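Add chain H to chain Y, keeping to what the hints say.
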Amino acid sequence: MTEQIKATNQANFSYDVEAVRADFPILSRTVYDKPLVYLDNGASAQKPKAVIEAVRFCYEEQYANVHRGAHYLSGATTDAFENARVKVARFINAASDDEIVFTHNATEAINLVAASYGRAHLQAGDEIIISEMEHHANIVPWQMLRKEKGVVLKIAPIDDAGALRMDAFEALLGDKTKLVAITHCSNVLGTVVPVKKIVQLGHAAGARVMIDGSQGIVHAPVDVRDIGADFYVFTGHKIYGPSGIGVLHGRMEVLETMPPYQGGGDMIDRVTFEKTTFKEPPHRFEAGTPPIVQVIGLGAAIDYVASFGMETIAAYEHEVLTYANERLADIDGFRFVGTAPGKGPIVSFLVDGLHPLDVATVIDREGVACRVGHHCAEPLMDRLGVEGTLRASIGMYNTKYEIDVLARAVEKAKAKLG
Amino acid sequence: MTDLSRYEEFVEALEMLDDEEMRFEYILDLAKRHKDDPFPDEWMTDANLMHGCMSKVWIVHEVRNGRNYFRGCSDAAIVNGLVAMMTESFSGLTAEELRAITLDHVRKLNLGALTTQRQVGMMAMLKHLQKLGVNALATKGDRDDGLQPAVS
Chain Y
167 MTEQIKATNQ
177 ANFSYDVEAV
187 RADFPILSRT
197 VYDKPLVYLD
207 NGASAQKPKA
217 VIEAVRFCYE
227 EQYANVHRGA
237 HYLSGATTDA
247 FENARVKVAR
257 FINAASDDEI
267 VFTHNATEAI
277 NLVAASYGRA
287 HLQAGDEIII
297 SEMEHHANIV
307 PWQMLRKEKG
317 VVLKIAPIDD
327 AGALRMDAFE
337 ALLGDKTKLV
347 AITHCSNVLG
357 TVVPVKKIVQ
367 LGHAAGARVM
377 IDGSQGIVHA
387 PVDVRDIGAD
397 FYVFTGHKIY
407 GPSGIGVLHG
417 RMEVLETMPP
427 YQGGGDMIDR
437 VTFEKTTFKE
447 PPHRFEAGTP
457 PIVQVIGLGA
467 AIDYVASFGM
477 ETIAAYEHEV
487 LTYANERLAD
497 IDGFRFVGTA
507 PGKGPIVSFL
517 VDGLHPLDVA
527 TVIDREGVAC
537 RVGHHCAEPL
547 MDRLGVEGTL
557 RASIGMYNTK
567 YEIDVLARAV
577 EKAKAKLG
Chain H
659 MTDLSRYEEF
669 VEALEMLDDE
679 EMRFEYILDL
689 AKRHKDDPFP
699 DEWMTDANLM
709 HGCMSKVWIV
719 HEVRNGRNYF
729 RGCSDAAIVN
739 GLVAMMTESF
749 SGLTAEELRA
759 ITLDHVRKLN
769 LGALTTQRQV
779 GMMAMLKHLQ
789 KLGVNALATK
799 GDRDDGLQPA
809 VS
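Taken in sequence, the protein lines are chains Y and H. Be aware that the first sequence starts at 167, since it is given in the working numbering, and climbs by one per residue. Be aware that the second sequence starts at 659, since it is given in the working numbering, and climbs by one per residue.
With the rest of the complex left out, here is chain Y:
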């Protein structure tokens, strides 16, 4: 690495991004003989050695099914599994590790809330408020519930910069509002929603509140007790953990009122052919063999990011975002999509006159991995009046130099396609 690149990448505070990068083996690979510039973290993040090692250790040295079996390996694996639950609880400051329900992804966590809480507590005519910038995962489960139960979906609008219109949100709240389900941070726009305020307003109206933290958990410290939501969901693979593991945090007094989501082993108290009784949360919601290795890998990922501190990671990512905003604005015809104040490190963009897929294809060949398309948020695309966007989503290992590479790749796409 040249001295110039090192100088470009130097953070304005103590954060050794080169050391961080060295922890992620995949970042040293090339694509098309070009160094990989991975800016698709919003879709899924790469994994540090600590996570890879935890997964390897589990499969090679300490693996058995959990919560059953009287043998050594089962006990040791159960300890590691439940210890990861404690790590997750501490990471988000949950009141208890019993409030942490493991699912397979954030989508399943939302479906669990819709199927269990929704079916048990919502009636025809009850209103659910979501926003215009939700991921399909926080739209479709509620539409399914609407079809089944006759609940009503209300959509809180955003302004042209991509910020949630709080006045309009408040206007939607009423006696019939029983649930607010809203993103913490838009996966397309990077907009950070004032979730604590949303929870206060939702609770004041007598509604439960669920926050989709899939992006939010990655880019800032999350304190679920401070936020106060009834549910907070996120996924492991975006926070540098394995794929196949999601988390539902639920306040215990709410979880206790909810029936099981799926039936099977591990979630029952006693089964007879006449009657079955169920375990207490969180196990009531974890039917069958859980994603054991993924949970343990998530624990390692949380240890890893916590060793830096989420405040530090957030500050670093913000610095790279600020650099990106300045550097990319210099490109003639570059259009940012989503400019809400205080946004997270997600840069959606268009290049005038060019199809996003064409730009993505050219920059891919420069080694730059970006997402292109509607980002599982078609209603948001309709609201913005675009078919899709390109998205560069910044993670803890991205550098300012990589933003330079992206900018040069976009310039090349313009020259080639224009």
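Keep in mind that the hints were calculated from the coordinates and are not lab data. There may be inaccurate statements among the hints.
As the list claims (entries may be wrong) - Capping the alpha-carbon separation at 25 Å, the derived lysine-lysine pairs in BS3-like fashion look like this: (1) Y:580 to H:714; (2) H:690 to Y:580; (3) Y:578 to H:766; (4) H:714 to H:690; (5) Y:582 to H:714; (6) Y:578 to H:714; (7) Y:578 to Y:566.
Keep in mind the model is a prediction, meaning the values are calculated, not measured.
This is chain H only, laid out in the frame that chain Y set:
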């Protein structure tokens, strides 16, 4: 005998271009040439749309003398080039001949280098063309009234 002469031309042309960059330019050139023969706006309907995540592709189809003819376009230039390649390659075949085209034919174009995702898109496109051909055989028979928007 199945006439795949246009397809063979593409295979040969792409084989000769062993440089990745040149293959890419070749596809872009195809797209530009495709642009010179504009796809009518009135054909860009939902009924003719092949739903995809990243770009839009419209395909229209007709049967003349028992043979299937396709035209298509995309809002993305690179995909437009690929659409040109597919529709030109496999026009003029009977439904039976069309059905005999396999994913190996797409693989032989060796477009994997143009990113795997495009190759997946090409395969989806082939299946779409085959479906149009088979549906026409089952429901409509010959249609000699010029290119009509296909109902997929």
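Results of checking the hints against the structure:
no.: 1; hint: Y:580 to H:714; verdict: 21 Å, holds
no.: 2; hint: H:690 to Y:580; verdict: 15 Å, holds
no.: 3; hint: Y:578 to H:766; verdict: 29 Å, violated
no.: 4; hint: H:714 to H:690; verdict: 17 Å, holds
no.: 5; hint: Y:582 to H:714; verdict: 21 Å, holds
no.: 6; hint: Y:578 to H:714; verdict: 24 Å, holds
no.: 7; hint: Y:578 to Y:566; verdict: 19 Å, holds
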